[in-house]
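A.B. asks: Assemble the complex: chain A is given as a structure, and chain B must be docked to it using the hints.
So the sequences go chain by chain: A and B.
With this note's numbering, letter number 221 in the first sequence gets 221, and the count goes up by one each step, no holes.
With this note's numbering, letter number 34 in the second sequence gets 34, and the count goes up by one each step, no holes.
Take these hints with a grain of salt, some might be off.
What the hints assert, rightly or not - Just so you have them, the derived chain A footprint on chain B, three or more residues with Cβ under 8 angstroms: (1) 84-91; (2) 94-100; (3) 113-119.
No wet-lab data here; the hints were simulated from the structure.
Quick caveat, the model's predicted, so the values are computed rather than measured.
Glycine included, each C-beta is placed from N, C-alpha and C at the ideal position.
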Amino acid sequence: MNISDIENIEMNLLVDAIYHRYGYDFRNYARASVERRAKQFAEKLGFEYISEMIPKLINDDKFFQKLVREFSITVTEHFRDPTFYKSLVEKVFPILKTYPFIKIWHAGCATGEEVYSLAILLKENGLYNKSTIFATDFNDEALEDAKQGIYAIEKIKQSTANYQKAGGKKSFSNYYHAQYESILMDKSLKENITFANHNLATDGVFGEMHLILCRNVMIYFDKVLQNKVINNFTDSLVKSGVLCVGLHESLLFVDAEKKYVPLAEKQRIYKKKFSSEIFQKFFKK
Amino acid sequence: MKNQEVKAIVIGVSAGGLKALKEIFCGLPAKFSTPIIVTQHLYPHDVSNMSNLLNETSLVKVIEAEDKMPIKENHIYLAPPNYHLLIERDYSFSLSTDEKVSFSRPSIDVMFESAAYVYKDSLVAVILTGANGDGAKGIKTIKKLGGYCIAQNPKTAAYPTMPQFSIDTGDIDKILTLKEIASFLFFKK
Chain A
1 MNISDIENIE MNLLVDAIYH RYGYDFRNYA RASVERRAKQ FAEKLGFEYI
51 SEMIPKLIND DKFFQKLVRE FSITVTEHFR DPTFYKSLVE KVFPILKTYP
101 FIKIWHAGCA TGEEVYSLAI LLKENGLYNK STIFATDFND EALEDAKQGI
151 YAIEKIKQST ANYQKAGGKK SFSNYYHAQY ESILMDKSLK ENITFANHNL
201 ATDGVFGEMH LILCRNVMIY FDKVLQNKVI NNFTDSLVKS GVLCVGLHES
251 LLFVDAEKKY VPLAEKQRIY KKKFSSEIFQ KFFKK
Chain B
1 MKNQEVKAIV IGVSAGGLKA LKEIFCGLPA KFSTPIIVTQ HLYPHDVSNM
51 SNLLNETSLV KVIEAEDKMP IKENHIYLAP PNYHLLIERD YSFSLSTDEK
101 VSFSRPSIDV MFESAAYVYK DSLVAVILTG ANGDGAKGIK TIKKLGGYCI
151 AQNPKTAAYP TMPQFSIDTG DIDKILTLKE IASFLFFKK
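With the rest of the complex left out, here is chain A:
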């Protein structure tokens, strides 16, 4: 048996232990990334083998918390992939305008930069007041950061450039206050945002949504879990509701592909088909 096979066994045992002990389910996470993070964590702490962490995490829940944090770091920025946000305004906002009220779910919001970005665009396009945004993540620390809306001042340059590329109508500086080494997002952006803990891997459907954004989160899930999550999204969406995924994620490799029609394929913006459209597809021989 070679090291790769051995490590695979260790990883299986590790994620099983975590699941049975704490109920966090990493068994259907994309294995390559989890394995890489587990290895790095083990190395950092001086363990020779990944499996050495198992007895410790079972008996020491503070150690487990540290490990979970390693497994749930996500990188994000304001108006990440600005061309996506531009398309969102051009292709999706006209649809949202037709609703009397709008419910939006930002799944896997991490530290919140993208939620505030969405809020800014909704405000600039007169849609904020009738919108409710649910921003969820399973990482409580990240959620807390998102709630605070405080970001490092070094990020401004990139955020401002992104805002402009995304078609921002005013100035990004309209939306934050600079204080010492950070920026604080304007309070008015938070009014219609609810931050909540939700675990995509284990929790179920979240309300009747007009728009769901889940970007660069499912890259960490395997095909099985991604299918399950997208099916949950499909159930969460109203008729003709819109789903947005990350730029290099695709519905092409998922079963649920048949339930969506692309609104902007390159930007990974999809609209849920009417059930009659799905019905027809099955009968078109």
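C.D. replies: Okay, now just chain B, sitting in the frame of chain A:
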């Protein structure tokens, strides 16, 4: 090289990459079956045009890897800008937005190490021109798992640092010029 079937070829390249890759791909026939996976250092906010530029001269189709895309024969895959490219044991791609490694995302080390664990002794790795040391750790891992490692001759590389770092690990099996690399791969089918 031992008579081992080569199931995948991984290439790491940085500064000077477009020219180097063009030269190698020019030497491959349209029916070249072994999948080739390339990690090239790019500016994160570039619109990725690499595949178009490479398709101008490559007979084998060059496409950008997507999350969960299965790795197929007769294709050349490029890591998308600003993501690490990893390989799953079911021979599909997965992406990550983890922190940069050796100041790079995509990082060659990350892709090489991931490929090593999946392809083991049926992997050929090629490290080309570049200005930093990304890839050297990956080469060590590939060797550890039985793969075969090639470095571009630093004397002929636009930027010799990267292949030299890999050579310095002691785990490079052959040092070749770009033309020689193309022939070597050609004969691997």
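A.B. asks: Hint by hint, note whether the structure agrees.
C.D. replies: Here is what the structure says about each hint:
1. 84-91: holds (count 4)
2. 94-100: holds (count 6)
3. 113-119: The restraint on the region 113-119 of chain B holds, since 5 of its residues have a Cβ under 8 angstroms from chain A and three suffice.
Comparing the model with each earlier hint shows no violations; every hint is respected.
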